[in-house]
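Going letter by letter, the sequence shown gives residues 1 to 204 in our numbering.
Treat the hints with caution; some may be incorrect.
[To be verified] In silico SDA-like links for lysine to any residue, alpha-carbon gap of 20 Å or less:
1. K89 with V110
2. K89 with R188
3. K125 with A74
4. K89 with K184
5. K125 with F56
6. K125 with G160
7. K89 with W77
8. K89 with N37
9. K125 with V110
It should be emphasised that the hints constitute simulated quantities derived from the structure, not laboratory data.
The model shown is predicted, which means the values in this text are computed figures rather than measured ones.
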Amino acid sequence: MDLAGLAVFSIALLVAAASPGPGIAAIIARVLGRGPNGAAPFTAGMAVGDVVWLSFAIIGLAALAQSFYGIFVAIKWAGIAYLVYLAYKLWTAPVSAGEVERDERRENPVRLFFAGLALTLGNPKTMVFYIALLPTLMDLTRVTLVGYLELVAATLAILGLVFSIYIYLAVRARRLFTSPRALKTLNRASGTAIAGAAVAIATR
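Between the sequences and the hints, there should be enough to build the whole structure, so can you do that?
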């Protein structure tokens, strides 16, 4: 892929990834409510989901999506179910002042990875982005392996940067809450935000 086309793709992806949406809401709410633990596998799953949609767009997403429509619907609702579960856990989680500085609770990283993956695969915004953008930048019938790998590398680099910035800002914001009551309020606000993200995906 030529440098100009790759640059346009990267800029468009940066703007789209940084724009508030269900995925960003889930990342921020999760870190605010639970701390940074588990953020890496969760966002890694989201990034891989983007690569899946990118790959499908290159090989002919429209036909593939029609052929496996039922599977994509199931994935979408799996992602929604996870968000609802996470929202419930945040609303009901016990808190103490010590949790503000460090959250010691551990979650299964594999489960978190697949939760992030399901969230992205079930988000129509991601699918539409690649369908709309890629045909304007290249002839999808003539994409080389090198060109594909360049797009994947750019996608992972940009998403890694955007997700890291949001995680960092959420961690800094979480440290402003220094009492159990404030932290409980934060958890419930985060849970509400995640439930809102689930509703946004479900209604698209």
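Do the hints match the structure? See the list:
At roughly 18 Å between alpha-carbon atoms, K89 and V110 fall within 20 Å of each other, so this suggested pair holds. Only pairs whose Cα atoms come within 20 Å are accepted, and K89 paired with R188 is accepted, the gap being roughly 9 Å. Of the pairs offered as hints, the one joining K125 and A74 holds, with about 17 Å between alpha carbons and a cut-off of 20 Å not exceeded. Taking the CA atoms of K89 and K184, the gap is about 12 Å. The hint holds against a cut of 20 Å.
With a C-alpha separation of about 14 Å, the suggested pair K125 and F56 falls inside the 20 Å cut-off, and the hint holds. Between K125 and G160 the alpha-carbon distance is near 18 Å, which keeps this suggested pair within the 20 Å criterion. Distance check on the hinted pair: K89 and W77 sit about 18 Å apart at the alpha-carbon level, within 20 Å; holds. Pair hint K89 plus N37 holds up; C-alpha atoms about 15 Å apart against a cutoff of 20 Å.
A hinted pair counts as satisfied when its Cα atoms are at most 20 Å apart, and K125 with V110 does not qualify at roughly 25 Å.
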